[in-house]
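**Student:** Protein chains in written order, with the working numbering: chain A, 7 to 521; chain B, 7 to 521.
None of these hints come from the bench; they were simulated from the model. Every value quoted in this text rests on a predicted model; they were computed, and no experiment measured them. Don't take every hint at face value.
One copy or two, it doesn't matter: identical chains are merged, so the pair holds either way.
Below 16 angstroms or equal to it, Euclidean Cα-Cα: the simulated EDC-like pairs (lysine to aspartate or glutamate) are [what the hints assert, rightly or not]:
1) Lys-330 <-> Glu-260
2) Lys-447 <-> Glu-469
3) Lys-189 <-> Asp-342
4) Lys-330 <-> Glu-253
5) Lys-42 <-> Glu-465
6) Lys-278 <-> Asp-120
7) Lys-201 <-> Glu-434
8) Lys-333 <-> Glu-381
9) Lys-490 <-> Glu-337
10) Lys-490 <-> Asp-477
11) Lys-42 <-> Glu-469
12) Lys-466 <-> Glu-288
13) Lys-509 <-> Glu-260
14) Lys-466 <-> Asp-44
Spelled out, the chains give:
2 protein chains.
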Amino acid sequence: MNGAESMLQTLINNGVEVCFANPGTSEMHMVAAMGKSDQIRSVLCLFEGVCSGAADGYGRMTGKPACTLLHLGPGLSNASANLHNAKKAYSPVINLVGDHATYHKKFDAPLTSDIISLAKPVSNWLEVAGSAAELPSAAAGAVYAANISPGQVSTLVVPADSAWDTSTRPVKKQPLPAATLVKDQAVTAAAQLLKNGKPSIMLLGNSALSERALELADQIVQATGVKLLSDTFIPRQARGEGRCKIERLGYFSEQAEAQIDGIKQWVMVGTKAPVAFFAYPEKASALYPEGSTLHTLAQVHDNTEDALQRLVTELAADSFEPRKIIKCLPEPGTGDLDMVSLANSFAHYLPNNAIVVDEGATAGALCGPLSETAERHDWLGLTGGSIGYGLPAAIGAAVACPDRKVICLHGDGGAMYTIQSLWTMAREQLDICVIILANRKYQILQIELSRVGAEAVSEKTLEMMDLGNPDLDFVQIAEGMGVKASRAENSEQFNQMYADALKESGPSLIEAVMP
Amino acid sequence: MNGAESMLQTLINNGVEVCFANPGTSEMHMVAAMGKSDQIRSVLCLFEGVCSGAADGYGRMTGKPACTLLHLGPGLSNASANLHNAKKAYSPVINLVGDHATYHKKFDAPLTSDIISLAKPVSNWLEVAGSAAELPSAAAGAVYAANISPGQVSTLVVPADSAWDTSTRPVKKQPLPAATLVKDQAVTAAAQLLKNGKPSIMLLGNSALSERALELADQIVQATGVKLLSDTFIPRQARGEGRCKIERLGYFSEQAEAQIDGIKQWVMVGTKAPVAFFAYPEKASALYPEGSTLHTLAQVHDNTEDALQRLVTELAADSFEPRKIIKCLPEPGTGDLDMVSLANSFAHYLPNNAIVVDEGATAGALCGPLSETAERHDWLGLTGGSIGYGLPAAIGAAVACPDRKVICLHGDGGAMYTIQSLWTMAREQLDICVIILANRKYQILQIELSRVGAEAVSEKTLEMMDLGNPDLDFVQIAEGMGVKASRAENSEQFNQMYADALKESGPSLIEAVMP
C-alpha cells in the first residue's frame, strides 16, 4: 500500500466520504487511489475555488469534513478565498495539497513555492507529511482537527514521494473531539446579567443558530426580556415554519446602531462581540458602546446548545413554550422585478426543507427578512466577505443533502468569480436552482463609495463598479456549461420560471434582471 | 491631497499608466483617485486572477509595470496563481492591496487575514504603508523594485486610513535601476569553455531571448559550434522571419535527455541550470548529468545582451553574420482537426508582428515548432506552471500593444480557470483572437498518470481528468460575455474562421474541437 492509498483509507475510516478535486501531476497517486476506491465520491471542479467553496457548503450541512484535492501552491492559492470563508464559517474542511517530491523541492522547478506561508492564513491545522510512513497519521491528525467543533480547516501538504512510496497501515477509526462544555460560572454570570434589569442583548452566532439552540434562546427571551440578535453573517441558520425567530444585526453601522440603541449589556453565545465589517472615517469599529458589559456565555468552539440549556435551567425558563413561527407566505411579486417583488416571489414559492445559499448581496437583501415565515428551510450566509462562495457552496450543500432542494441566491458580480461551478452542477446533476440577481453593477461599492467619504464620483469611477458594457448573458453562460437557463424581465416571468424549476429535479438557472 | 491621490500620482510620475482593477470597499479612495485622473487607464476585471495575469502580459510586452488593485487577503489570494506565474516570468508588476484601516485590524472583522503571509510567496518586494505620510515613498519603492531587470513583483499593502488620511507630496520621477553588468571573469570563463572542444550547450532564458540576444547567440554558435537551447518555458521570445533560431528544451525528461545526450558543459545566460518540471519515481531532478561543468555567463537579473555582446567580442565572433530565418509557411491544415493540422493552419495564417500568448498545452504542442519560420512574432509562454494565465495575459498584451494582433492559444481546461477574461476583452474591445483547443480533457494528466507510475487506471480515475459530460460550449460562454465566437469541427472551418478573425479588429473566439 503506497502513501496515497493508506492516507485515503485513513480518511475514509474516519468518516470522509467526498473529495472535491482539481488535481495535477503531483496528485496523480492520490487520484489513482481514489479511482480504486468505492468508498469515496470524487467530484471534479474546474477551478480550485469551486472545490473549497463546495467543501465549505458540504461541511455546513453535514457537520463533517469533505476533502479538497489541490495542486501545489497555485492550486491552494486559487482555493484560498473560499477557504477564508470556510475558516470564518468554522466549517470542517480537509485540504490535500500535493507538492513536489521532497528531494525535488531544492531545484526550484517552476511550480515550486512557499506552500506553508500560503496555507497558514487559511488553515487552523497545517502539516507536511514528510514521508509515506508519516502520511496516514498525518491524515488522522487532519481529520481530528477538522472535526473540532463546529469545524476547522485542516491543510495536509503531501509531497509526491510521500504519496508514491510504500507506507504503513491506515489509521483506524479514531474518537472525534467533543465540543467543550462551558464552565458553570459562565452560566451563572449570564443569568445574573439577564436578571439585573438593565437593557441587554443576547447575540447568537455559528452553532447557536440551530433549531434547538433558537428554541432555548426564545425561552430565555420570554423569561428575561433580553433582546435577541444574530450575527450579520452566519454559516447556517434554521428558519421558517416551526422555528423560532431571531433578528439579524444590520450590515451598515447605522442600522446596527439603531438596533442596539440604549443597550448596556451583551451576552455572546457561540460568537464574539460585534464589530463593523469595514472601518469608516470618524466611525467606531466596535458596535457596542464604550463601557458596555460584555459576557461570553459560550465561545465559538463550545457546546452552545448545552450552554443555552443550562442557562434556561438556571433562569427557570423551562416553563416557557418556545414560540414557533406560523407559516405566513407573502403574495408573490407582480410587475417589475425589484428587491421587494423578487423577495416576495422567492419566499412565496420557497419549497419545504429547502437549503438557501445566500450571496444575494444588495439586490437580495430582502430575501432573508421576507422569508422569515416561509416554509422551513436552512439558510447559509457569506461569512468571510469574500465573494464567489455561493455557487460552490450550493454544490457542496446539494452533494451533502441529495434529497433537498438547494436555492442559490447570487449577485451577478460575485457569481462571475466562480462561474465554473455551473459545469459541476450539470455534471453531477445536482438539484440546485440558481437565481442570478443581475443588477449589472457592483452595487455595494456604489453605496460604499459615498459612505467612506470618497466624494469624487466621476464617470470613470463609476465605470469601475459597473458590470454593463457589455451586459453579461447568464443564460448563454449557463447553457454553455450544460445548465438549463432562462431570463426573467418581470415578476410574472420570474414566478413561472421559479415554480417550474422547483417542480423539476436537477440544476437550473434564472437570470433575474434587476434595477 | 489624501494618501491614495499622492500614491497614485507617485506611480504615474514613475511611469505607471495602467491599472487592472477589481476593487472593494477598502479600495474606494484609490478608485476615486483613479477616477479623477486622466493619466492612468483603469481596466476592470471580474476576478483578481485576471488582473494579475493581465499585468504579467502587459509587463512582458512593455518592460514596465502596470498595477493591480486587489481587495484585502482574499483578493490577493485570487490573484496569486497568476502572480506566481508573473514572478517566475520576471515580469514587472505592482500589486496595490487594500486592507482594513490600521486601527480596525485588531477587531478581526470578517475580511481580516494575514496578508503578509499570503503575499510573501508571490512577491519580490513587500511593504505595508503604515500611514498616509508613508504611502508616497512606499509607492516609489514599489515601482523601483518592480523595475529591477527584467522585472519583479512588488506588493504594497494599503490600509484604508493610509489612503484616506491627508498625505505628503507625491514622489517625483526617480531614476530606474539598470540591469547589472556581468564581471569580465564570467565572460572570459565562458569563452574558455566554449573553445576547449568539449560538447557544450548554451542555455538561454528570460531577457536572453530578445531579437538582439538571439543574434548574438547565433554568432557565438557559428564561432564555437556550441549547441543552443532555450528554457522550456519562456516569458517572451522573438520568433519568425528575420529572427535567429533556437531550439527549446523538451518538457518531458525523455525529450530533454535526447537533446542533451553527450553534453559535458553548460553555459547559462539569463537562466539557471535546467531541472525537471516534476519529479518522477526513479528519475533524476537535474537535467544535466552528474559531473557536468556548469557556468553562468549571466544571471536572470543581469544585462544579458551586454554579456552576450562581450562574449562575441571575446570569441572574435563579430565577423559571423547572424543567420536569420527566411519565411517559409506550412500549408494550412486540411480535413480533420488534430495537433498537426491545427498547428499548420495556425502558422500559415499567423499575421506579421503578432503576439502569441501560448497556453495551448498538449493539444497546442506543435504550434510552436511549426511556426518557427512563420511571419515575425513574439511568443509568450506559461512560466510558472499554473494554468489559467493565457486569457489574462492576452488582455495585458493587447492593452500594451494596441496596434498588434494578439493570438491566444488555450487549452480548454486552463481556459476555464480565468474564463471571466473574455468579458474584459469585450468591454475594452481588445484585438485578440482566442483559439480554444477543445480536447475535452486534462490531457496532460492522462499522459502523466502513467509516467508517475500510478498504474491503476480505472474509469473513475479517468473521469477525474475528463472535461466531457457535459461538453463545455465555449461559443455560448464567449457570447455570454460579449465576445463573438464560432466552433470549428474541421480544418476548413477553422481556416475560414481564423482568417476572418484576423481580418477584423476586436475580440473573437474560435473553439477548435480536437481529438
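**Student:** Decide, hint by hint, whether the structure agrees.
**Tutor:** Verification of the hints:
| no. | hint | verdict |
| --- | --- | --- |
| 1 | Lys-330 <-> Glu-260 | neither (30 angstroms within a copy, 70 angstroms between copies) |
| 2 | Lys-447 <-> Glu-469 | within (9 angstroms within a copy, 37 angstroms between copies) |
| 3 | Lys-189 <-> Asp-342 | neither (54 angstroms within a copy, 74 angstroms between copies) |
| 4 | Lys-330 <-> Glu-253 | within (14 angstroms within a copy, 75 angstroms between copies) |
| 5 | Lys-42 <-> Glu-465 | between (57 angstroms within a copy, 9 angstroms between copies) |
| 6 | Lys-278 <-> Asp-120 | neither (32 angstroms within a copy, 19 angstroms between copies) |
| 7 | Lys-201 <-> Glu-434 | neither (53 angstroms within a copy, 63 angstroms between copies) |
| 8 | Lys-333 <-> Glu-381 | within (6 angstroms within a copy, 71 angstroms between copies) |
| 9 | Lys-490 <-> Glu-337 | neither (27 angstroms within a copy, 42 angstroms between copies) |
| 10 | Lys-490 <-> Asp-477 | between (19 angstroms within a copy, 14 angstroms between copies) |
| 11 | Lys-42 <-> Glu-469 | between (51 angstroms within a copy, 12 angstroms between copies) |
| 12 | Lys-466 <-> Glu-288 | neither (27 angstroms within a copy, 58 angstroms between copies) |
| 13 | Lys-509 <-> Glu-260 | neither (41 angstroms within a copy, 56 angstroms between copies) |
| 14 | Lys-466 <-> Asp-44 | between (55 angstroms within a copy, 9 angstroms between copies) |
Checked against the numbered hints given earlier, this structure breaks hints 1, 3, 6, 7, 9, 12 and 13; the rest are met.
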